[in-house]
Amino acid sequence: MKTSRRIIYVTFLMILLASLLSACAGGASAAAGWPGITLSEDGQVAYLAFQQHVHAVDTSNGSELWRFPQEADRNISFFAPPALTEDGNLVVGGYNNILYNLRTDAAAGQNRVNWTFTGAANRYVDGPLVTEQGVFAPNADKRLYALDESGNLLWTFESTQSLWGRPVANGGLLYVPAMDHRIYALDMTSGELVWDSGDLGGAIVGSPLLSEDGVLYAGTFNNQMLALDAASGEVLWQVTTRGWIWASPVLDGDILYFGDLQGNFYALPTSGGDFLWQVSLENGQNAAIPGQALVLEDTVYFTAENGTFHALDKANGQARWVKTLTGTNLYTGPVWTGEYILVAPVGGNARLVAFGPNGEQAWTFEP
Amino acid sequence: MWDILIINPMINILLWIYSVIGNFGVAIIVFTILIRLLTHPLNLSQMRSAAALQEMQKSKKWQDIQKKYKDDKQKLQEEQMKLYQEMGINPFGSCLPTLIQFPIIIGLYQAIIQALAVTPIQLLNFSGHIYSFIDAARLIPINNEFLWMDLSQPERLNLPFLPFGIPVLAIIVLVTTFLQSRVMTPPSQAGEQQTAAQMTQARNIYMPLLMGYLALTFASGLALYFVISNLFTIVQYTAMGRADWRNLLSFRRPAEAAPVKGPSKEARKGQSGK
Numbered sequence: 001m002k003t004s005r006r007i008i009y010v011t012f013l014m015i016l017l018a019s020l021l022s023a024c025a026g027g028a029s030a031a032a033g034w035p036g037i038t039l040s041e042d043g044q045v046a047y048l049a050f051q052q053h054v055h056a057v058d059t060s061n062g063s064e065l066w067r068f069p070q071e072a073d074r075n076i077s078f079f080a081p082p083a084l085t086e087d088g089n090l091v092v093g094g095y096n097n098i099l100y101n102l103r104t105d106a107a108a109g110q111n112r113v114n115w116t117f118t119g120a121a122n123r124y125v126d127g128p129l130v131t132e133q134g135v136f137a138p139n140a141d142k143r144l145y146a147l148d149e150s151g152n153l154l155w156t157f158e159s160t161q162s163l164w165g166r167p168v169a170n171g172g173l174l175y176v177p178a179m180d181h182r183i184y185a186l187d188m189t190s191g192e193l194v195w196d197s198g199d200l201g202g203a204i205v206g207s208p209l210l211s212e213d214g215v216l217y218a219g220t221f222n223n224q225m226l227a228l229d230a231a232s233g234e235v236l237w238q239v240t241t242r243g244w245i246w247a248s249p250v251l252d253g254d255i256l257y258f259g260d261l262q263g264n265f266y267a268l269p270t271s272g273g274d275f276l277w278q279v280s281l282e283n284g285q286n287a288a289i290p291g292q293a294l295v296l297e298d299t300v301y302f303t304a305e306n307g308t309f310h311a312l313d314k315a316n317g318q319a320r321w322v323k324t325l326t327g328t329n330l331y332t333g334p335v336w337t338g339e340y341i342l343v344a345p346v347g348g349n350a351r352l353v354a355f356g357p358n359g360e361q362a363w364t365f366e367p
Numbered sequence: 368m369w370d371i372l373i374i375n376p377m378i379n380i381l382l383w384i385y386s387v388i389g390n391f392g393v394a395i396i397v398f399t400i401l402i403r404l405l406t407h408p409l410n411l412s413q414m415r416s417a418a419a420l421q422e423m424q425k426s427k428k429w430q431d432i433q434k435k436y437k438d439d440k441q442k443l444q445e446e447q448m449k450l451y452q453e454m455g456i457n458p459f460g461s462c463l464p465t466l467i468q469f470p471i472i473i474g475l476y477q478a479i480i481q482a483l484a485v486t487p488i489q490l491l492n493f494s495g496h497i498y499s500f501i502d503a504a505r506l507i508p509i510n511n512e513f514l515w516m517d518l519s520q521p522e523r524l525n526l527p528f529l530p531f532g533i534p535v536l537a538i539i540v541l542v543t544t545f546l547q548s549r550v551m552t553p554p555s556q557a558g559e560q561q562t563a564a565q566m567t568q569a570r571n572i573y574m575p576l577l578m579g580y581l582a583l584t585f586a587s588g589l590a591l592y593f594v595i596s597n598l599f600t601i602v603q604y605t606a607m608g609r610a611d612w613r614n615l616l617s618f619r620r621p622a623e624a625a626p627v628k629g630p631s632k633e634a635r636k637g638q639s640g641k
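In order, the protein sequences belong to chains A and B.
For the first sequence, my numbering begins at 1 and goes up steadily by one.
For the second sequence, my numbering begins at 368 and goes up steadily by one.
Bound-form chain A, shown alone:
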């Protein structure tokens, strides 16, 4: 073999190694996260954040009203669910570490950005909490950023690990779930720490649920669902599940509904103790349930990583129907527009699929 051919051969092998490593690393936005969905107050518009765009979709027929940015930019990607402000604007965080406040009227065209906040050092995995007191945006740089309605920084809070879950609030206190296994209660005005739950045994990735009677419910990666007193942070009870819990639970009456990453779905009374019922998905592998469930009348709906969309009788867990979106993953939980249930598949061409409450498919949105 001539020298030049040998050099080409070695070079090819090395380029192959570099390519294989590149394939391992994956792109910045490809399959990094899953879609985030927020509905307008009247349910007429769905705001979908996924990959290079935020889409505004008419929920009556699946037509696109606008998208941001209009032209895709490979340096910008969105996976966190947007949040609506009182004046009808949209706040959404990107994987480019920028938080955007966007106009939602279709006429805005190229002038959609009201303001941006560029002070974060890492990506926004979950959406911000928007209240009268301001915008509270958790970031993977371990900080929570509190901004006013114009995007000016009010204060920051720093944890010891990434903040992936959206905080919840009761008007005076802000509850921040953290991957360092803790929930922090902060004064919403000053950002001062009011209480710290201590190590709850596992990372808290999703948003906790705050009930009207002042109880925080949070799932952890320690295979537990916990109830904490929102005033003091005291753990009231903890129940062990079979798998890690990512999703926020949903509360219907006095029953919590939630899934775990092993493909198990639970109905648990708010008093803790024994499950009312629990089901395991067939073919539990790759059947993680990271999205929040939806309860409508007597049915509980949830989606699973293996592309299945389930409707169960909320009283006893009996399956009513299952829809399979072949070739897709369903990570985001279903949302109710008032007329349709929307799911957001990853993979395939459709970004949103609308179903009626009885499982009949109504429309799809394909950008």
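Since the hints were derived computationally from the structure, they do not count as laboratory data.
Built from N, CA and C at the ideal position, the CB exists for glycine as well.
Be careful, since some hints might not be right.
Below 20 Å or equal to it, Euclidean Cα-Cα: the simulated SDA-like pairs (lysine to any residue) are [as the list claims (entries may be wrong)]:
| id | chain 1 | residue 1 | chain 2 | residue 2 |
| --- | --- | --- | --- | --- |
| 1 | A | Lys142 | B | Ile509 |
| 2 | A | Lys142 | A | Asn122 |
| 3 | A | Lys142 | B | Ala504 |
| 4 | B | Lys427 | B | Glu445 |
| 5 | A | Lys142 | B | Glu445 |
Okay, the calculated bits of chain A under chain B, using three or more residues with CB under 8 Å as the criterion [what the hints assert, rightly or not]:
| id | segment |
| --- | --- |
| 6 | 32–42 |
| 7 | 156–167 |
| 8 | 192–205 |
| 9 | 220–226 |
With the hints as your guide, set chain B onto chain A.
Chain B alone, transformed into the frame defined by chain A:
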């Protein structure tokens, strides 16, 4: 199959080491040394094959074959293969360990990236690789800070007075790869094929540049593996007395091949006189 045989064991061994040591950068270092110790017999075999190959190429038999069949490539290859078999040498014995390193490098990189899990999909996928007896809840998320580095990101040392970050690890990878290549390369021998020497020289330039590039662009956990792996090899060769440190500063061009002499004048006269 790749996950079951390569990724899952690597991830879980890394996690276990991390659970004992508490520092992921040190866990990568320890894991690298472990891998190198496990592949030591292969490397030993490679060194012996390379040394035997070199000795054979210095032998008179080899030189005679090169001269006799220099114009007949096919016959030359046949005779070379016969000589390999006669002397019990595997001509690919020096390549196999290098090729085996490929899946190890790729597997280790995947294991590091999955364990550090900086996006939801990565974390979800990671959860599916963990063995049940690993106390993952306590360990996750893994602390990705090591010295000044974020192990999940390309490394840069940011200094207050500089507007750009210095790729310290990439430079170390480039230097140690170069060092390793140089001390492992024996000096060119008289009569050695020029092409073989040129090949070695080209590799000694390409490899450091390529490894430096990989260290520059990929997560610093991989670059850390490269540095430790290179240093281990240098120590390994030195301990076995096979490192040639004189070669470090030697930049001689490959020796020119001795010209092949044709028949003498008298021989040519004798032939024409028949």
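Cross-check of the supplied hints:
Distance check on the hinted pair: A:Lys142 and B:Ile509 sit about 14 Å apart at the alpha-carbon level, within 20 Å; holds. Of the supplied pair hints, the one linking A:Lys142 and A:Asn122 holds, its CA atoms being roughly 9 Å apart against a limit of 20 Å. Taking the CA atoms of A:Lys142 and B:Ala504, the gap is near 19 Å; set against the 20 Å cutoff, the hint holds. For the given pair, B:Lys427 sits about 17 Å from B:Glu445 by alpha-carbon distance, which is consistent with the 20 Å threshold.
In summary, the hint linking A:Lys142 to B:Glu445 is not supported, as the alpha carbons are separated by about 66 Å, beyond the 20 Å threshold. Counting residues of the segment 32–42 of chain A whose beta carbon lies closer than 8 Å to any beta carbon of chain B gives 3, which meets the minimum of three for the stated coverage. Closer than 8 Å: that is the beta-carbon criterion, and the segment 156–167 of chain A has 3 residues meeting it against chain B, so the requirement of 3 holds. Three residues within the 8 Å Cβ limit are the bar, and the segment 192–205 of chain A against chain B gives 4, so the coverage statement holds.
With 4 residues having a beta carbon nearer than 8 Å to a beta carbon of chain B, the segment 220–226 of chain A meets the requirement of three or more and the stated coverage holds.
Of the hints listed earlier, the one the structure fails to meet is number 5.
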